[in-house]
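Model the placement of chains V and X on the given structure of chain E, informed by the hints.
Residue numbers (our numbering), protein chains in the order written: chain E, 1 to 279; chain V, 280 to 520; chain X, 521 to 649.
Worth double-checking, as some hints may not be accurate.
Said to hold, decoys possible - Listed below are the simulated DMTMM-like cross-link pairs for lysine to aspartate or glutamate, each with C-alpha atoms no more than 20 angstroms apart in a straight line: (1) Lys598(X) / Asp168(E); (2) Lys13(E) / Glu633(X); (3) Lys241(E) / Asp632(X); (4) Lys13(E) / Asp172(E); (5) Lys525(X) / Asp579(X); (6) Lys241(E) / Glu186(E); (7) Lys345(V) / Asp168(E); (8) Lys598(X) / Asp632(X); (9) Lys240(E) / Asp632(X); (10) Lys426(V) / Asp113(E); (11) Lys405(V) / Asp39(E); (12) Lys427(V) / Asp415(V); (13) Lys95(E) / Glu633(X); (14) Lys405(V) / Glu171(E); (15) Lys584(X) / Glu171(E); (16) Lys13(E) / Asp424(V); (17) Lys598(X) / Glu207(E); (18) Lys381(V) / Asp632(X); (19) Lys13(E) / Glu448(V); (20) Lys241(E) / Asp597(X); (21) Lys105(E) / Glu537(X); (22) Lys427(V) / Asp39(E); (23) Lys389(V) / Glu633(X); (24) Lys426(V) / Asp597(X); (25) Lys584(X) / Asp39(E); (26) Lys240(E) / Asp579(X); (27) Lys525(X) / Asp563(X); (28) Lys582(X) / Glu205(E); (29) Lys189(E) / Asp168(E); (30) Lys598(X) / Glu171(E); (31) Lys405(V) / Asp168(E); (32) Lys140(E) / Asp172(E); (33) Lys13(E) / Asp632(X); (34) Lys618(X) / Asp415(V); (35) Lys389(V) / Glu205(E); (36) Lys618(X) / Glu372(V).
FYI, nobody ran anything at the bench for these hints, they're computed from the structure.
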Amino acid sequence: METLLYYPGCSIKRDFSEVERSSRAVLEALGYRVVELRDWYCCGGFPGSTALDHVKYVSSLRTLSLAQSQARELGANTVLVLCPFCYNTLKQAEKLPAERLDVYKRVAEYLRDELTPYQSGLRVAHLVEVLASRLSDLSKLAGGGLRGVRVAAYYGCMLLRPRSVAVDNPEDPGVVESIVKALGAEPVKHPYRSYCCGSYHAVGEAEIVRRNTSRVAWSVMSSGADLVVTPCPLCLYNLKKYTDLRVVHLSELVAYALGAREALSPEALRVLSPLRGEA
Amino acid sequence: MTQIAPTAQREYVTIFFNGEAYRVPRGLTIMKALEYAGFRFTRGSGCRGGFCGACPVIYRLPGDYKVRVGLACQTAVVDNMYISLIPYVPLVEHVSRREELKPDSGYVLKLFPELSRCVSCNSCSKACPQGLSPMDAVQAILRGDLKKAADLTFDCIACGLCSLRCPAEIRHHAVFRLVGRIVGVYYTPRSKSVEERVREIESGKYRAVFEKLLATPVTELRRVYEEYMKTGRLPESLEVR
Amino acid sequence: MAGLKLTPRELREHIREHASREVTACMQCGLCTAVCPVAGFMDLHPAALIRAVQLSEIDLAKLKSIWVCVSCMTCVDKCPRDVAPGLVIETLRQLALKSGIEPRTYSQLLVDEATPSILLVTYSRKSTG
Chain E
1 METLLYYPGC
11 SIKRDFSEVE
21 RSSRAVLEAL
31 GYRVVELRDW
41 YCCGGFPGST
51 ALDHVKYVSS
61 LRTLSLAQSQ
71 ARELGANTVL
81 VLCPFCYNTL
91 KQAEKLPAER
101 LDVYKRVAEY
111 LRDELTPYQS
121 GLRVAHLVEV
131 LASRLSDLSK
141 LAGGGLRGVR
151 VAAYYGCMLL
161 RPRSVAVDNP
171 EDPGVVESIV
181 KALGAEPVKH
191 PYRSYCCGSY
201 HAVGEAEIVR
211 RNTSRVAWSV
221 MSSGADLVVT
231 PCPLCLYNLK
241 KYTDLRVVHL
251 SELVAYALGA
261 REALSPEALR
271 VLSPLRGEA
Chain V
280 MTQIAPTAQR
290 EYVTIFFNGE
300 AYRVPRGLTI
310 MKALEYAGFR
320 FTRGSGCRGG
330 FCGACPVIYR
340 LPGDYKVRVG
350 LACQTAVVDN
360 MYISLIPYVP
370 LVEHVSRREE
380 LKPDSGYVLK
390 LFPELSRCVS
400 CNSCSKACPQ
410 GLSPMDAVQA
420 ILRGDLKKAA
430 DLTFDCIACG
440 LCSLRCPAEI
450 RHHAVFRLVG
460 RIVGVYYTPR
470 SKSVEERVRE
480 IESGKYRAVF
490 EKLLATPVTE
500 LRRVYEEYMK
510 TGRLPESLEV
520 R
Chain X
521 MAGLKLTPRE
531 LREHIREHAS
541 REVTACMQCG
551 LCTAVCPVAG
561 FMDLHPAALI
571 RAVQLSEIDL
581 AKLKSIWVCV
591 SCMTCVDKCP
601 RDVAPGLVIE
611 TLRQLALKSG
621 IEPRTYSQLL
631 VDEATPSILL
641 VTYSRKSTG
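Isolated chain E, as found in the complex (with noise of 0.2 angstroms):
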């Protein structure tokens, strides 16, 4: 039984509680144990991108460290992260002592005097990654219920670019496609899928997010979907407040498919009820 260590991110564990539940049910299903870290900071979001901001990487890095020691009494080398800024930010820096060495020496440095910094050895991975590895485990364990629905992905920004940290090619993402069509629903591609929903404009120029999300709804609806699924919780709010598109969250759908319902949020079996498949 393979143990993942688990790195909720603030927002899971106050905004979007449901996901966490979802998702640990989805993943106990495919025999995992859960583990969550003992100690965990916010990610901050954006890892550090130019010399000026290495400050951002002490979050991660700090995060890391500590799992790092989590990770060997449990002999666990995976960190689950159900977030893709969480992703984004803990990937770039699971990468720093390989990619980047010298923002990695100053930045563990820094560390050094609280606890023993990372050295690698540790592997970042999406419940998207975690999924894709085990598709034909899902497709037994889906009942035939989704038969027939097609169901649209939305993917966002932070799973995708830079390419260092992808989980799939930006260009023609098909990760989650492949997920859908594994519970044994149809899963239709559309244009818009890796673009910005214009992410945290949602609390300054709510207009970007406006028009960013009107074309993505526009997208989904010219290929017929009738559900859309996205792994980001950002982009989830951002879709469910401005577009009237049906939209849950991949764990959410996939619970669904495993006859998980009490692992569900009563808003998303409002979603996902009135789907039904062809039998």
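Here is chains V and X on its own, set in the frame of chain E:
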């Protein structure tokens, strides 16, 4: 604390303050040492017992880049200390009315959105003279765990040093005070005996005794007090039935 | 504060130093602007911004593009010359933040108790220094 030896045997150390060097007896606290050197504290001094947070101090030692912190009333002088007193850190607080408080970290974040700027640098914890971890409390709030944040900051003395060092400009004490109030109102079990006592007071049970006390001359009060300290009993005329 | 104006030479050097990118390599193909999801909201769209960095003075206090960019990194992914406009914008943004320029204050945000942390955290990362 070391006893001060007679002048002939006394050991002295040098401390630096405001650009001047002072020779002060070893074993004094920073506060006492500065008073020995002739300064009089009109600000930045309070309980002198390590609990009010009025006298935070930052200092450095030669040959060491680290910034060290402490409370002036609790930290002993060492040779070649370069001292700076911090009498006051501006922390403009938000004082909510009790009815406005909500048991929801979203409420705290709305009032203090800069909490989301925390980069986990831990400068705050390094600056805490009480050995607390403000960073863990801030992170707990970001996660929605107000109870944990209140637990971690119960012993905070509001000296302000963490906020002074914080690159995200978080107002730690203002936040912790708000969180402590929210947890006290919404999560801490009510004390029945306190509520009972408040009811008694409001019913006027103690009014007569208080009026009597206020009318008693000081000499008589002093005698009553001394008698009470010896025997643990008050005179019959002052007992409350 | 008065506008923070930088000459093209100062900017080029700054970008070389902090983002390890060469803006003189840009040939103005416009791919970055074509794929940018928020170009329509910028005052200088990505290709125009790189052109401005190449040729003219930029006033960081007035530039809006750096606050509109969400670092989706599509332009960085697409650029055939590895000019990485997204990283150039990020460098300019850091410079502006360090000079005390911020697009708006917290009190101007549309935030209430139900706003997810991820929005506030990412906004704070990008728009406060």
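Hint by hint, here is what the structure shows:
{"no.": "1", "hint": "Lys598(X) / Asp168(E)", "in the structure": "15 angstroms, holds"}
{"no.": "2", "hint": "Lys13(E) / Glu633(X)", "in the structure": "15 angstroms, holds"}
{"no.": "3", "hint": "Lys241(E) / Asp632(X)", "in the structure": "14 angstroms, holds"}
{"no.": "4", "hint": "Lys13(E) / Asp172(E)", "in the structure": "31 angstroms, violated"}
{"no.": "5", "hint": "Lys525(X) / Asp579(X)", "in the structure": "4 angstroms, holds"}
{"no.": "6", "hint": "Lys241(E) / Glu186(E)", "in the structure": "26 angstroms, violated"}
{"no.": "7", "hint": "Lys345(V) / Asp168(E)", "in the structure": "45 angstroms, violated"}
{"no.": "8", "hint": "Lys598(X) / Asp632(X)", "in the structure": "37 angstroms, violated"}
{"no.": "9", "hint": "Lys240(E) / Asp632(X)", "in the structure": "17 angstroms, holds"}
{"no.": "10", "hint": "Lys426(V) / Asp113(E)", "in the structure": "29 angstroms, violated"}
{"no.": "11", "hint": "Lys405(V) / Asp39(E)", "in the structure": "18 angstroms, holds"}
{"no.": "12", "hint": "Lys427(V) / Asp415(V)", "in the structure": "9 angstroms, holds"}
{"no.": "13", "hint": "Lys95(E) / Glu633(X)", "in the structure": "35 angstroms, violated"}
{"no.": "14", "hint": "Lys405(V) / Glu171(E)", "in the structure": "46 angstroms, violated"}
{"no.": "15", "hint": "Lys584(X) / Glu171(E)", "in the structure": "28 angstroms, violated"}
{"no.": "16", "hint": "Lys13(E) / Asp424(V)", "in the structure": "9 angstroms, holds"}
{"no.": "17", "hint": "Lys598(X) / Glu207(E)", "in the structure": "26 angstroms, violated"}
{"no.": "18", "hint": "Lys381(V) / Asp632(X)", "in the structure": "13 angstroms, holds"}
{"no.": "19", "hint": "Lys13(E) / Glu448(V)", "in the structure": "24 angstroms, violated"}
{"no.": "20", "hint": "Lys241(E) / Asp597(X)", "in the structure": "29 angstroms, violated"}
{"no.": "21", "hint": "Lys105(E) / Glu537(X)", "in the structure": "18 angstroms, holds"}
{"no.": "22", "hint": "Lys427(V) / Asp39(E)", "in the structure": "13 angstroms, holds"}
{"no.": "23", "hint": "Lys389(V) / Glu633(X)", "in the structure": "6 angstroms, holds"}
{"no.": "24", "hint": "Lys426(V) / Asp597(X)", "in the structure": "44 angstroms, violated"}
{"no.": "25", "hint": "Lys584(X) / Asp39(E)", "in the structure": "39 angstroms, violated"}
{"no.": "26", "hint": "Lys240(E) / Asp579(X)", "in the structure": "38 angstroms, violated"}
{"no.": "27", "hint": "Lys525(X) / Asp563(X)", "in the structure": "17 angstroms, holds"}
{"no.": "28", "hint": "Lys582(X) / Glu205(E)", "in the structure": "17 angstroms, holds"}
{"no.": "29", "hint": "Lys189(E) / Asp168(E)", "in the structure": "14 angstroms, holds"}
{"no.": "30", "hint": "Lys598(X) / Glu171(E)", "in the structure": "9 angstroms, holds"}
{"no.": "31", "hint": "Lys405(V) / Asp168(E)", "in the structure": "41 angstroms, violated"}
{"no.": "32", "hint": "Lys140(E) / Asp172(E)", "in the structure": "27 angstroms, violated"}
{"no.": "33", "hint": "Lys13(E) / Asp632(X)", "in the structure": "18 angstroms, holds"}
{"no.": "34", "hint": "Lys618(X) / Asp415(V)", "in the structure": "27 angstroms, violated"}
{"no.": "35", "hint": "Lys389(V) / Glu205(E)", "in the structure": "18 angstroms, holds"}
{"no.": "36", "hint": "Lys618(X) / Glu372(V)", "in the structure": "26 angstroms, violated"}
Hint compliance for this structure: hints 4, 6, 7, 8, 10, 13, 14, 15, 17, 19, 20, 24, 25, 26, 31, 32, 34, 36 are broken, all remaining hints hold.
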